[in-house]
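So the sequence lines, in the order shown, correspond to chains A and B. Heads up: the first sequence begins at 1 in the working numbering, then just goes up one per residue. Heads up: the second sequence begins at 1 in the working numbering, then just goes up one per residue.
There may be inaccurate statements among the hints.
[Stated by the list, open to error] In silico DSBU-like cross-links for lysine-lysine, where the CA-CA straight-line distance does not exceed 30 Å:
| id | chain 1 | residue 1 | chain 2 | residue 2 |
| --- | --- | --- | --- | --- |
| 1 | B | LYS264 | A | LYS40 |
| 2 | B | LYS305 | B | LYS247 |
| 3 | B | LYS47 | B | LYS436 |
| 4 | A | LYS38 | B | LYS47 |
| 5 | B | LYS53 | A | LYS344 |
| 6 | A | LYS347 | B | LYS53 |
| 7 | B | LYS53 | A | LYS40 |
Since the hints were made in silico from the structure, they are not lab data. Values in this document were obtained by computation on a predicted structure and should not be read as measured data.
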Amino acid sequence: MELFWYIVLMTMLAVYVILDGYDFGAGIIHLFFAKSEKDKKAITNAIGPFWDANEVWLIAAGGVLFFAFPTLYASSFSGFYLPLIMILWLLIFRATGLELRGQIHNKMWETIWDKAFGVSSLLLALFFGIALGNVVRGVNLGMVENGVSTQEAHYFFLPLWNTTFSPQAEHLGIIDWFTILLGLVAVVTLTIHGANWIIFKTNSSLNTKLKKIIFNLNFVLLALVIISLLVWHVIEPKPFHNFLKNPWLFLFPIITFTGLFGLFKVKSFKKEGLGFLFSSLFLFGGLTSTVASIFPKVLPSTNAVNPSLTLYNVAAHEYGLSVGVYWFVIAVILVAAYMVIQYKVFKGKMDNVGYGEH
Amino acid sequence: MEDMLFYDRMQFAFTITFHYLFPQLTMGLSLMIVYFKWKFLRTHVEKYNDAAKFWMRIFALNFAMGVVTGIPMEFQFGTNWAKFSELTGGIIGQTLAMEGMFSFFLESSFLGLFLFGEKLLGHKLHFVTGFLVFLGSWASGFLIIATHSWMQHPVGYEILENGKFVLNNFGALFSNVWLWPSYLHNQAASIVTSSFVVAAIGAFYILNNKHNEFGKLFVKTGVVFGLISSLIVAFPTGDMAAKNVVKHQPVTFAAMEGIFETEKGGSEIVLIGQPNMLEKKLDNKIAVPNILSFLTYQSWDAEIKGLNEFDKKDYPTNVPGLYYAYHIMVGLGTIFIGLMFFAVVQLFRKKLYTTKWILWSLLFMLPFPYIANTTGWYTAELGRQPWLVYNLLRTADGASPTVSSGNTLFTLLGFIGLYLLLGMLFLILVGKIINKGPQTINA
Numbered sequence: 001m002e003l004f005w006y007i008v009l010m011t012m013l014a015v016y017v018i019l020d021g022y023d024f025g026a027g028i029i030h031l032f033f034a035k036s037e038k039d040k041k042a043i044t045n046a047i048g049p050f051w052d053a054n055e056v057w058l059i060a061a062g063g064v065l066f067f068a069f070p071t072l073y074a075s076s077f078s079g080f081y082l083p084l085i086m087i088l089w090l091l092i093f094r095a096t097g098l099e100l101r102g103q104i105h106n107k108m109w110e111t112i113w114d115k116a117f118g119v120s121s122l123l124l125a126l127f128f129g130i131a132l133g134n135v136v137r138g139v140n141l142g143m144v145e146n147g148v149s150t151q152e153a154h155y156f157f158l159p160l161w162n163t164t165f166s167p168q169a170e171h172l173g174i175i176d177w178f179t180i181l182l183g184l185v186a187v188v189t190l191t192i193h194g195a196n197w198i199i200f201k202t203n204s205s206l207n208t209k210l211k212k213i214i215f216n217l218n219f220v221l222l223a224l225v226i227i228s229l230l231v232w233h234v235i236e237p238k239p240f241h242n243f244l245k246n247p248w249l250f251l252f253p254i255i256t257f258t259g260l261f262g263l264f265k266v267k268s269f270k271k272e273g274l275g276f277l278f279s280s281l282f283l284f285g286g287l288t289s290t291v292a293s294i295f296p297k298v299l300p301s302t303n304a305v306n307p308s309l310t311l312y313n314v315a316a317h318e319y320g321l322s323v324g325v326y327w328f329v330i331a332v333i334l335v336a337a338y339m340v341i342q343y344k345v346f347k348g349k350m351d352n353v354g355y356g357e358h
Numbered sequence: 001m002e003d004m005l006f007y008d009r010m011q012f013a014f015t016i017t018f019h020y021l022f023p024q025l026t027m028g029l030s031l032m033i034v035y036f037k038w039k040f041l042r043t044h045v046e047k048y049n050d051a052a053k054f055w056m057r058i059f060a061l062n063f064a065m066g067v068v069t070g071i072p073m074e075f076q077f078g079t080n081w082a083k084f085s086e087l088t089g090g091i092i093g094q095t096l097a098m099e100g101m102f103s104f105f106l107e108s109s110f111l112g113l114f115l116f117g118e119k120l121l122g123h124k125l126h127f128v129t130g131f132l133v134f135l136g137s138w139a140s141g142f143l144i145i146a147t148h149s150w151m152q153h154p155v156g157y158e159i160l161e162n163g164k165f166v167l168n169n170f171g172a173l174f175s176n177v178w179l180w181p182s183y184l185h186n187q188a189a190s191i192v193t194s195s196f197v198v199a200a201i202g203a204f205y206i207l208n209n210k211h212n213e214f215g216k217l218f219v220k221t222g223v224v225f226g227l228i229s230s231l232i233v234a235f236p237t238g239d240m241a242a243k244n245v246v247k248h249q250p251v252t253f254a255a256m257e258g259i260f261e262t263e264k265g266g267s268e269i270v271l272i273g274q275p276n277m278l279e280k281k282l283d284n285k286i287a288v289p290n291i292l293s294f295l296t297y298q299s300w301d302a303e304i305k306g307l308n309e310f311d312k313k314d315y316p317t318n319v320p321g322l323y324y325a326y327h328i329m330v331g332l333g334t335i336f337i338g339l340m341f342f343a344v345v346q347l348f349r350k351k352l353y354t355t356k357w358i359l360w361s362l363l364f365m366l367p368f369p370y371i372a373n374t375t376g377w378y379t380a381e382l383g384r385q386p387w388l389v390y391n392l393l394r395t396a397d398g399a400s401p402t403v404s405s406g407n408t409l410f411t412l413l414g415f416i417g418l419y420l421l422l423g424m425l426f427l428i429l430v431g432k433i434i435n436k437g438p439q440t441i442n443a
């Protein structure tokens, strides 16, 4: 039962990253590359009717985490207190940026909310990458000092940074060179992903330029991925242990690299949805490969005193998990139906949807 | 440790109070928009469709505010109440996860279609999307109140040796005696808010002599919905909710009513008075003898337990706060019924739109249903203190062990600043929509 909910949770998180990820990417493109009013309009139109439903995947995943793995929810949400609250603030700014921009026709007003949308999207991409870095690196569970736990074995608290910015320091921080590296991977990946979505959903004059940007950024991404793999042993001495034991898991890295290398052909794609498909594959493969490498751990311990949190020692009780399957299956069928309706109504190019115009 | 708990509580109180200003309007308003749209489908009179679209605009802003201030609520269970989440997540996580899966997806998928899809979908399907948004918001309220009810009156659980609460009866969460009275009471109160808002904007138009046609429609719809919903808030739902408190939380009831000592021969109902915690009595009291006993037990001389009969450590943490919250709610609820009653009488006499004092009263009443809803929730929440899970888990034992007061104060200040900004922007934008009026805005 734990394994079922683990797969559900990871799938929901992956869906969240793929869906809201294109919103973040669109925000980054909007911030750096959209100059004309027409291009900006095209970008907000392309994500306007979707971003809210996309964000619900995060809330729903949070709900499933709470219900199926309450100990992990309690431990990680209190331990990563500051970055989580900041993510909330950024989500609020992102939403207000998108929703308020069109409410008043005034250059200054529009500029403020354009920047709010763009900057918060960029920071959200960075923060989520850093968050992933923190989870795979692990934390000082039980806040061990000199070999003695100062808190219950599954609680911890991390400041934003320590003075050394090292993932191997005794006193860890949220931001260190390893988590920043993953933050950069996230920013670059989601920029590519967002650009693919814009190409897919609009006839914007940016599209040709975006293909070039994707092509160039893809080299940066490849370099970052290689660097990450080379330094991975710093946080996990045997990163391929799980893969060597269960070779079918290599499917996930294969998906990742299919997505990555597929994108090098971005300039010659005939079907415009293809680029989005490849960046989605990269995201899905990257996330699943990462969690597969630390499985069954969900939050590793960096000390020898307290054991890592695994999906088995953080799960809720059997009855609740079983009864949850019934309503969850019904809910998933409904959600799938909503998504089909939503994407059918807003299918094709969206340049002229008129999102947020009042 | 003490101040850690204080800031955790302050942050939750501040963020939930601000958050609930928005859903209380959207839940009731979605029903009224669906009504306008339905009326249009039946009569094909254009003004009903214009009314639906006008309120949709205001709904959309409120909804967005509700969403962005709602996400911090779900996060805070984990960030600030980690111990509580760890111990009870297997149960309340169930209803909260259901809210995400059943309600948020429904609302967010169809809101966009409802706001932008009228031409795309045609009127009938547009009505359906409106109805689905209404359904989603009411489902959300239901699951939140199911969670709330479990904390007030825990059912269907067992406690393991390690202190964890585990679910052993899923159905019990929804047949909880606390749930249905609270839910209906809350939803009726939400319609009270939307009725007063709709009526107030209508009165504003009539008194300013602009958009008169819509002014009349809004006042009429507002007062009819308003009278029915204010009555339901008091009876039967408020009555049933209060009887639950008497039965299951007698010490809370004593504090709400301001009864310091058990009275022989029946309890009086206190209309006005200030709780004096030093001398354990009410100062400057105005009260009517025996009414409380009658309302509670339908017997003039029934005995109601005073605070003196309970252990002091089980008193609600803030007795005066609870007492005021409850009395403000009840007092306002009574005034709402009175005003709406006169308004409906004038409506039947066809004099409503010219009765100035009622129009002015409707306009000035605009903030008060918000205050009544808020104090109603304060009654429920302060009344549950000092417990998170009534009689089983104390608030002091539920906070996050590792989040220091300095960090919580930092984020609390951030929330205060951010929400003040959001609140101002919201008022400016809603003001703009109201000022433009239904015809201009839909043109």
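Exercise. Which hint numbers does the structure go against, in order from smallest to largest?
Worked result: 1 and 4
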